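Q: Given the coordinates of chain W, work out where chain P should sit on it, guided by the hints.
So the protein sequences, as listed, match chains W and P.
Count the first sequence with our numbering and you get residues 1 to 601, in order.
Count the second sequence with our numbering and you get residues 602 to 979, in order.
Take the hints with a grain of salt, since some may be wrong.
[To be verified] Listed next, the stretches of chain W that the computed footprint assigns to chain P, with coverage defined by at least 3 CB atoms under 8 Å from CB atoms of chain P: (1) 112-119; (2) 561-567.
[Stated by the list, open to error] Straight line, CA to CA, 16 Å or less: simulated EDC-like cross-link-like pairs of lysine to aspartate or glutamate: (3) K572/W to E979/P; (4) K223/W to E178/W; (5) K566/W to D553/W; (6) K572/W to D975/P; (7) K566/W to D923/P.
[Claimed, not checked] Cβ-Cβ distance ranges computed for the label pairs, FRET-style: (8) R565/W to R933/P: 49 to 57 Å; (9) D811/P to K168/W: 52 to 60 Å; (10) E793/P to P532/W: 34 to 42 Å; (11) E591/W to E771/P: 36 to 44 Å; (12) P532/W to L926/P: 37 to 45 Å; (13) I947/P to P532/W: 45 to 53 Å; (14) L434/W to E793/P: 57 to 65 Å; (15) R933/P to E591/W: 34 to 42 Å; (16) K950/P to R565/W: 26 to 34 Å.
It is worth saying that the hints were derived from the structure and are not from the lab.
No experiment lies behind these values; they were computed from the predicted model shown.
All residues carry an ideal CB built from backbone N, CA and C; glycine is no exception.
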Amino acid sequence: MAKASSKIRNFSIIAHIDHGKSTLADRLIEYTGTLSTRELKEQVLDSMDLERERGITIKLQAVRLLYQAKDGETYELNLIDTPGHVDFSYEVSRSLAACEGALLVVDAVQGIEAQTLANVYLALENDLEIIPVINKIDLPSADPERIKREIEEVIGLDASNAILASAKLGQGVEEILEAIVQRIPPPKGDDEKPLKALIFDSKFDSYKGAIPYIRVFDGKVSKGTNIKMMSSGKVFEVAEVGIFTPAMNIVEALHAGEVGYIAASIKNVSDTRVGDTITDADCPASEALPGYRKAVSMVFCGLYPVETSDYDKLRDALEKLQLNDASLMYEKETSAALGFGFRCGFLGLLHMEIVQERLEREFGLNIITTAPSVVYKVNTVNNEQLLIDNPALMPEEGQIASIEEPVVKATIFVPSEFVGAIMELNREKRGTFLTMDYITTSRVSLTYELPLSEIIYDYFDQLKSRTKGYASLDYELIGYKEAKLVKLDILINGEVVDALSFIVHKDRAYARGRKLVEKLRGLIPRQMFEVPIQAAIGSRVIARESIRALRKDVLAKCYGGDITRKRKLLEKQKEGKKRLKQVGSVEIPQEAFMAVLKMDD
Amino acid sequence: MPSLYVHVPFCRRKCNYCAFFSIPYAKAEVSSYLRGIKREIGLRLQEAEGGISSLFLGGGTPTVLSREELECLLDSLELFAFQAGAEKTVEANPGTLDSGKLDLLLSYGFNRISLGIQSFDNDLLKKIGRIHSAQDVYHSIKLIRQAGFENINLDLMFGLPGQTISAWQETLQRAVDQEPEHLSLYALTIEEGTPLARLAAEGEEGIVPDDDLQADMYELATDYLQKQGYLHYEISNFARPSFECRHNLSYWRSEEYMGLGPGAVSCLNGVRYKNWENIFKYSNITQKGSKPVDPLETEILTPKQLISEYIMLGLRTAEGIDPELFARKFGRQIQDIYGQLLLKYINKKIIYLEKGRIKLNPSYYFVANSIIRDFILE
Numbered sequence: 001m002a003k004a005s006s007k008i009r010n011f012s013i014i015a016h017i018d019h020g021k022s023t024l025a026d027r028l029i030e031y032t033g034t035l036s037t038r039e040l041k042e043q044v045l046d047s048m049d050l051e052r053e054r055g056i057t058i059k060l061q062a063v064r065l066l067y068q069a070k071d072g073e074t075y076e077l078n079l080i081d082t083p084g085h086v087d088f089s090y091e092v093s094r095s096l097a098a099c100e101g102a103l104l105v106v107d108a109v110q111g112i113e114a115q116t117l118a119n120v121y122l123a124l125e126n127d128l129e130i131i132p133v134i135n136k137i138d139l140p141s142a143d144p145e146r147i148k149r150e151i152e153e154v155i156g157l158d159a160s161n162a163i164l165a166s167a168k169l170g171q172g173v174e175e176i177l178e179a180i181v182q183r184i185p186p187p188k189g190d191d192e193k194p195l196k197a198l199i200f201d202s203k204f205d206s207y208k209g210a211i212p213y214i215r216v217f218d219g220k221v222s223k224g225t226n227i228k229m230m231s232s233g234k235v236f237e238v239a240e241v242g243i244f245t246p247a248m249n250i251v252e253a254l255h256a257g258e259v260g261y262i263a264a265s266i267k268n269v270s271d272t273r274v275g276d277t278i279t280d281a282d283c284p285a286s287e288a289l290p291g292y293r294k295a296v297s298m299v300f301c302g303l304y305p306v307e308t309s310d311y312d313k314l315r316d317a318l319e320k321l322q323l324n325d326a327s328l329m330y331e332k333e334t335s336a337a338l339g340f341g342f343r344c345g346f347l348g349l350l351h352m353e354i355v356q357e358r359l360e361r362e363f364g365l366n367i368i369t370t371a372p373s374v375v376y377k378v379n380t381v382n383n384e385q386l387l388i389d390n391p392a393l394m395p396e397e398g399q400i401a402s403i404e405e406p407v408v409k410a411t412i413f414v415p416s417e418f419v420g421a422i423m424e425l426n427r428e429k430r431g432t433f434l435t436m437d438y439i440t441t442s443r444v445s446l447t448y449e450l451p452l453s454e455i456i457y458d459y460f461d462q463l464k465s466r467t468k469g470y471a472s473l474d475y476e477l478i479g480y481k482e483a484k485l486v487k488l489d490i491l492i493n494g495e496v497v498d499a500l501s502f503i504v505h506k507d508r509a510y511a512r513g514r515k516l517v518e519k520l521r522g523l524i525p526r527q528m529f530e531v532p533i534q535a536a537i538g539s540r541v542i543a544r545e546s547i548r549a550l551r552k553d554v555l556a557k558c559y560g561g562d563i564t565r566k567r568k569l570l571e572k573q574k575e576g577k578k579r580l581k582q583v584g585s586v587e588i589p590q591e592a593f594m595a596v597l598k599m600d601d
Numbered sequence: 602m603p604s605l606y607v608h609v610p611f612c613r614r615k616c617n618y619c620a621f622f623s624i625p626y627a628k629a630e631v632s633s634y635l636r637g638i639k640r641e642i643g644l645r646l647q648e649a650e651g652g653i654s655s656l657f658l659g660g661g662t663p664t665v666l667s668r669e670e671l672e673c674l675l676d677s678l679e680l681f682a683f684q685a686g687a688e689k690t691v692e693a694n695p696g697t698l699d700s701g702k703l704d705l706l707l708s709y710g711f712n713r714i715s716l717g718i719q720s721f722d723n724d725l726l727k728k729i730g731r732i733h734s735a736q737d738v739y740h741s742i743k744l745i746r747q748a749g750f751e752n753i754n755l756d757l758m759f760g761l762p763g764q765t766i767s768a769w770q771e772t773l774q775r776a777v778d779q780e781p782e783h784l785s786l787y788a789l790t791i792e793e794g795t796p797l798a799r800l801a802a803e804g805e806e807g808i809v810p811d812d813d814l815q816a817d818m819y820e821l822a823t824d825y826l827q828k829q830g831y832l833h834y835e836i837s838n839f840a841r842p843s844f845e846c847r848h849n850l851s852y853w854r855s856e857e858y859m860g861l862g863p864g865a866v867s868c869l870n871g872v873r874y875k876n877w878e879n880i881f882k883y884s885n886i887t888q889k890g891s892k893p894v895d896p897l898e899t900e901i902l903t904p905k906q907l908i909s910e911y912i913m914l915g916l917r918t919a920e921g922i923d924p925e926l927f928a929r930k931f932g933r934q935i936q937d938i939y940g941q942l943l944l945k946y947i948n949k950k951i952i953y954l955e956k957g958r959i960k961l962n963p964s965y966y967f968v969a970n971s972i973i974r975d976f977i978l979e
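Excised from the complex, chain W in its bound form:
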């Protein structure tokens, strides 16, 4: 039976990593009996292996909870999970658009973090009702009063009715559920109006095709409805509608205000564009819902199959991943060194690593990732402006009048004792100090202007390690600035390996070039001949190393009893060689292409 929309609440949870969002979600699921404790695997919502391993949420998920409130009524609560990492603010905005309210979970010891703040602002932009929850009050050093003051001073939100909770101990869970019912407004939709449903995510199922995850704003949808995608006008007949419990569960219909999925034998990935509005083909809505701001790719890199013949497999895999991850961009690219591949755009470096890992794990591909790059604006001597996201495409030095690089405004929250460390890090990363404000007497908010390329390089890791993990970061792109940048080429055995070229600030070029050739020397196995490795700017070599020729690779003894074992050994080694990429006459392992990234180890 469909609930009247007054009995529906759609909400998400905003929290910093480690502030206990997933545990709280588990408790809500458990408390409402959506899953029994036995069925409840640790952290139900983080369903990808990768998410569990890394302890983060990447993909947003949805689950329907049925809660009998103190007023005796049963409410349908739809929880739409949000990722917490700075890379994924785009996904956050998607989940928020499908909700009327959000729980703001703040750690009772650590307080508000930069990313939380950014997400709260996103929620406020969406007119969401925000319920502050102070979590981990069971910790000995918990200081809820201080956190309340922080919430009021930093966000400007009334924290007098903040809920004190311990998701770990299950404390405050009922109070939270009551607050969701009482404080978050029910969805406003109307069942009788023409169907309007927002696609906030989608998934690919090999049997059911592309499955959009939707929030119905008006009207209803059920099996047999002819739905129309408002952006493309394409029409599909609905085969199945359902909800998330959190597994997909078939229901008769989805009504205004509800959250669920549609299966309609949609074969083409591109037909379930996230942000699109679904309507009823026989009774269409006159205008679409406002979509999302488009995901902006911040980081670009080339993805190539180690084995050239895997190109089609890689293309199919990217297509499928894109269905699950609308923020992934890709287009065909060729590299002189690596052959056919794709230039891909990501939200950030973590996003890039995750895509790479998913391609390897879920699709069994061996891939090479080239050095990540941002998009540079290159002004040529002919007064043209080129957008360059691939260092290999950088014009020759003589053609360049100036180069502009993207800059971000970075906000860092940190205990005041680490201010010195932050300042030093930002100086190293070519940052310009903007502001410093005290959040409380012991916590500081710093803002800097930084080149995006420095942020994607190991900024986040450095930030964490230099502040013992206490600092949090948020950043937004604010524009372009001219900088003294050069393209650094790497030559292996005298040939430029385009996939290893990168753009670097002139003052850093020598140090980075030096470091990279040293690193490559360690990563490239000895070959049958001596292999020189050089770093060069234009025709000027700035660093050189060489890999001495391989001198021993032999089976000393090979008699009757040895033959099988030795043949198998060679078979295995030959298999292992497939992970090497032949560039010219040199065999280069995958890791070498990632070396550019990890030079500060």
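A: The following block gives chain P in isolation, referenced to the frame of chain W:
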């Protein structure tokens, strides 16, 4: 006509680098071994109906057996029909030989002795767990020559823990001074499960040989031995003209072989199988009248595997591969299978053709795997 290998899995003690199947010498085990061999021969005689081309009595240390035990073993082997003038080798360790055993071996037609000396450096010998000293080596060689053997091989190892290039040079010179007809030089390889591997795993320095040092030692040895008139006829083997080991050549020519004794491997009719590596299992199974083959170690070789091995072994030798022989054996031209690859290596002068045969350039012997690997078919 297969060659015959007989494994004698007894040693006075196991050397620190050794991963072969061997157990400490003990009367009871030896006698059950000797009974087992006798039964195995009975069960497998018909596999060598056409006779045996060569015999290699290896181990272990065959000469650790007493004179009587040795005689019993040799007697059993007399059941095979050996080709006239067949090469018959026995492996021996200095310190396990006396003129009685030598005379016995001669009387059973043995005409070649392979002596495991490894080094002339007593400190090194101790370090790798050998039971003998350099003095024992001189004494043994004297006994062997006095007995009348005209074909002696000396086994040497290089890249031993702490061995310097000059120490290696000295060992080589002393070996050559003994005027052996044949020399085998093995680069020390740290095998899993050996005491040396354990030491290396515990972090003891200088156990794992340095690749460059071993390569230098190899180069030094090949230059020196060739100047001394030895032919470098296989990666690790050197011989005076016409003293190449015929038994071992038969492996590198991918000819058939039959292995007797626990742990011994046979390869007949495209099937490779291995006997149980356990004296009692070996003895019990033969007693029940079954061949003592470990079913998990039996391999029916596919044509691709046969071809891969043919190349893997053939390229180890100076005589190389005869394309006509290849075509006759596999019914396909070698260039139809490996055309591009051969061409690539011929252009790089890594492989070359000589009198119609395909050979690996000896300068690349010590990196042979890097080349051979490409010829392994999947």
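Q: Does each hint fit the structure? Answer for all of them.
A: So, going through the hints one by one against the coordinates:
Counting residues of the segment 112-119 of chain W whose beta-carbon sits less than 8 Å from any beta-carbon of chain P gives 0, not enough to reach three: the coverage restraint is violated. Counting residues of the segment 561-567 of chain W whose beta-carbon sits less than 8 Å from any beta-carbon of chain P gives 5, enough to reach three: the coverage restraint holds. In summary, the hint linking K572/W to E979/P is supported, as the alpha carbons are separated by about 10 Å, within the 16 Å threshold. About 33 Å separates the Cα atoms of K223/W and E178/W, which puts this hinted pair outside 16 Å; it is violated.
For the given pair, K566/W sits about 13 Å from D553/W by alpha-carbon distance, which is consistent with the 16 Å threshold. Proposed proximity of K572/W and D975/P is supported: the alpha carbons are some 12 Å apart, at most 16 Å. Simply put, K566/W and D923/P have alpha-carbon atoms about 22 Å apart, too far for the 16 Å limit, and the pair is violated. Our hint of 49 to 57 Å for R565/W and R933/P is violated, since their Cβ atoms are close to 26 Å apart.
For the hinted restraint 52 to 60 Å between D811/P and K168/W, the CB-CB distance of approximately 55 Å keeps it satisfied. The beta-carbon spacing between E793/P and P532/W, approximately 36 Å, falls within the hinted interval of 34 to 42 Å. In this structure the supplied range 36 to 44 Å holds for E591/W paired with E771/P, their Cβ-Cβ distance being about 43 Å. In this structure the hint that P532/W and L926/P lie 37 to 45 Å apart at CB holds, the actual value being about 42 Å.
The given range of 45 to 53 Å is broken by I947/P and P532/W, whose C-beta atoms sit roughly 26 Å from each other. The hinted range of 57 to 65 Å is satisfied by L434/W and E793/P, whose Cβ atoms lie roughly 60 Å apart. For R933/P and E591/W, the Cβ-Cβ distance of about 39 Å falls inside the hinted range of 34 to 42 Å, so the restraint holds. Between K950/P and R565/W the Cβ separation comes to about 31 Å, which falls inside the hinted range of 26 to 34 Å.
Of the numbered hints given earlier, the model fails hints 1, 4, 7, 8 and 13; all others are met.
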